[in-house]
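Chemist: Under the numbering used here, the residues of the sequence shown are numbered 199 to 272, in order.
Keep in mind that the hints were calculated from the coordinates and are not lab data. Keep in mind that the hints are not guaranteed to be accurate.
As the list claims (entries may be wrong) - For lysine-lysine, the following DSSO-like pairs were computed, each having C-alpha atoms within a straight-line distance of at most 27 angstroms: (1) 261 to 223; (2) 242 to 223; (3) 261 to 242.
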Amino acid sequence: MSIIGYARVSTIHQQLDSQLNALEKYGCTQIYTEFDSGRNTQRKELARALNALEPGDTFVIFKLDRLSRGTKHL
199 MSIIGYARVS TIHQQLDSQL NALEKYGCTQ IYTEFDSGRN TQRKELARAL
249 NALEPGDTFV IFKLDRLSRG TKHL
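Produce the complete structure using the sequences and hints provided.
Modeler: Next up, the structure:
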């Protein structure tokens, strides 16, 4: 069973560091990172992270807004 993390920033002014540190502390064995707007629903690294999941794996994000701007996109 793997713990897979996903981190995203949408502007060059945002930093991935706090997200990556939290995901590493949680024990993520794989972390996928992305520099893209939450408006874009076709995020390549998110798709890769979700496709890497196998039964029994855990998917971890730093905050819900890193995954989607709203629940209609979930």
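Chemist: Work down the list of hints and note, for each, if the structure agrees.
Modeler: Structure-based check of each hint:
1. Among the hinted pairs, residue 261 with residue 223 is consistent with the structure: their alpha-carbon atoms are about 15 angstroms apart, no more than 27 angstroms.
2. Note on residue 242 and residue 223: the hinted pairing holds, with a Cα-Cα distance of about 24 angstroms set against a maximum of 27 angstroms.
3. Among the hinted pairs, residue 261 with residue 242 is consistent with the structure: their alpha-carbon atoms are about 19 angstroms apart, no more than 27 angstroms.
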